[in-house]
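A.B. asks: One letter stands for each residue in the lines below.
2 protein chains.
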Amino acid sequence: MSTDDTTDTTDASTDAEPTCGASSDGTDTSSSCGASSESDTSSSASGSSCGGSSDSTDEKVGSTVDDFDADPGRLVAVGLGPGQPEGMTQRAREALLDAEHVVGYTTYVELLPEEVREAADELYDTPMCGEVSRTEEAIDRALAGNDVAIIGSGDPNVYALAGLALEILESKGATASMVDFDVVPGVPAAQSCGARLGAPLVNDTVSISLSDHLTDMPTIESRLHAAAKEGFTISIYNPWSRKRRENFEKCCEILGEHRAADTPVGIVHGAGREDERVEIVELGDLAELGETDLIDMTTTIIVGNAETYVWDDRMVTPRGYESKYDY
Amino acid sequence: MSTDDTTDTTDASTDAEPTCGASSDGTDTSSSCGASSESDTSSSASGSSCGGSSDSTDEKVGSTVDDFDADPGRLVAVGLGPGQPEGMTQRAREALLDAEHVVGYTTYVELLPEEVREAADELYDTPMCGEVSRTEEAIDRALAGNDVAIIGSGDPNVYALAGLALEILESKGATASMVDFDVVPGVPAAQSCGARLGAPLVNDTVSISLSDHLTDMPTIESRLHAAAKEGFTISIYNPWSRKRRENFEKCCEILGEHRAADTPVGIVHGAGREDERVEIVELGDLAELGETDLIDMTTTIIVGNAETYVWDDRMVTPRGYESKYDY
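Line order of the protein sequences matches chains A and B. So for the first sequence, this note's numbering puts the first residue at 120; every next one is plus one. So for the second sequence, this note's numbering puts the first residue at 120; every next one is plus one.
Some hints could be false.
As the list claims (entries may be wrong) - Quick list of in silico lysine-lysine cross-link-like pairs, DSS-like style, CA-CA up to 30 Å:
id, chain 1, residue 1, chain 2, residue 2
1, B, Lys369, A, Lys348
2, B, Lys369, B, Lys348
3, A, Lys348, A, Lys362
4, B, Lys348, A, Lys348
5, B, Lys348, A, Lys369
6, A, Lys348, A, Lys369
7, B, Lys348, B, Lys362
Hints in this document: simulated from the structure, not taken from any laboratory. This structure is a prediction, so every number in the text was calculated from the model and none was measured.
Next comes chain A alone, as it looks inside the complex (with noise of 0.2 Å):
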């Protein structure tokens, strides 16, 4: 569910050490892409193996705008929402169908529509891992002169690719204007796991990551008093991983200063997957939680503010309605 994926993977994969860069999974026919071989080199040869090392700056960025001739591609990057196809919308069917090269994570490219998957040139995917490699050869197809879109699950903008992106244009010497960038949006983790729950978000909302791979974990603290206090509903990306435990303990230990132990809190656990789990329980047992299965980097946890009740199954966050209509 999460998009996050460079980080959750870092975190998550203590015990295997899983290869990065290309993968020469299904129909992937990496290094046929048009891109310099220096290119080539910096995605397919990176190799490196992220999750167990302590430090990721292995992921290198390499060939510049000055290494392809061609006149560029476009870059596309697309939200698939939920990640089953029907959660995706049809304007990022279209663009998907209207790309030459289609690049993600593998577990997205494989859920692709098979109409999507026979209209693409080619497909590149890679495991978890290699967020920033892989958008790089988005990139790199897009300079040499292909038409690409970069696909994640969720939306672009929440945690996602959109951002990194543009900042690897930039590090290229390139514009987004080169490759005509674009972003098609799509439905976001909180929403389709908001949706699964009922209605516990329809009032003022934050959205927080638990990972402090790219932030740090006292500012995470300090957001999460505030949005606790502040009478927000909180959606928690990212929530736990072997290697950060302790975020998720000192997490549950902040609400609990803020709000009742008997605060309704619905967790989605793989939203869209076989695996799919929904529960509502109270703030009060969500700490011991984190030892179960039920919670790990597939999870989004959805927290309510002091209004929100159980009602038949459903978490319900009042928007004030009540107090403005007789009913």
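Since the structure of chain A is already known, use the hints to place chain B on it.
C.D. replies: Below, chain B alone, put in the same frame as chain A:
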């Protein structure tokens, strides 16, 4: 764009006093829905003027579950995304095709794909202000045995009808299970507008509505202070109306206390509509734009944080990769 339409119109229509309740527009065949006569009275005869009134208790929920003899049909709240058919998910389209009755605000009903309009036995639409009576009408039709979809732009969990539907169901003595209540998520305005601006939202973020119709202004102000202080990017819904222009002025003042005058602010007016306008300005210039037609009830505003910058006409909030990776 905004789905908080009761609020919007109450605020926006100080000159005109549109008739709310049932509409005779288009293919609407209101009272043949099979609901009890009491229900018909409550929804179509409400006919009360909204907007001009300072007190909105004139919308009243009438019938209860005991007024219906039929086996209830199904009720699904469907988020359309930006409003145009191509912004809708496949799942939303299928939910609409499956519904016997489709209920919504006139503008969105008129935007539905022809295929959906033709498949429905009945389309019931009302002008903007009657959100409560329209939602009750949808519920009454479901309790009367019809499969009903109630639609709105964006996502049903973002200042929208998922919560209102559950609240009214409860007030009628019905349950969510009784009508097999379900929510089909859509792309929220923040994401639709974020995509148009580039990558303004890729880190922790909040949504705040400036409408004080259902949330009091001291609460809104306190939330703005906290969000601005903690470095969240901020999506502002319902930023302006003639009746509450001072809320927008106050918001700009609060943001200015915590963030530099040159902080990038993205403004999207009428996303997905013919009069769409996208502008990136500086925070210090925001207040005076409240007096222009760029900012009205169809506008969503995205306020960057201290790291947000403008590059090649795109607004970028870095996620922090540049501090971890070598590019």
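A.B. asks: So, for every hint listed, does it hold in this structure?
C.D. replies: Hint-by-hint comparison with the structure:
1. Lys369/B <-> Lys348/A: holds (21 Å)
2. Lys369/B <-> Lys348/B: Cα-Cα ~16 Å, so holds.
3. Lys348/A <-> Lys362/A: Holds. Lys348/A to Lys362/A sits at ~28 Å (cutoff 30 Å).
4. Lys348/B <-> Lys348/A: With Cα atoms ~13 Å apart, Lys348/B and Lys348/A stay inside 30 Å; holds.
5. Lys348/B <-> Lys369/A: holds (21 Å)
6. Lys348/A <-> Lys369/A: Holds. Lys348/A to Lys369/A sits at ~16 Å (cutoff 30 Å).
7. Lys348/B <-> Lys362/B: holds (28 Å)
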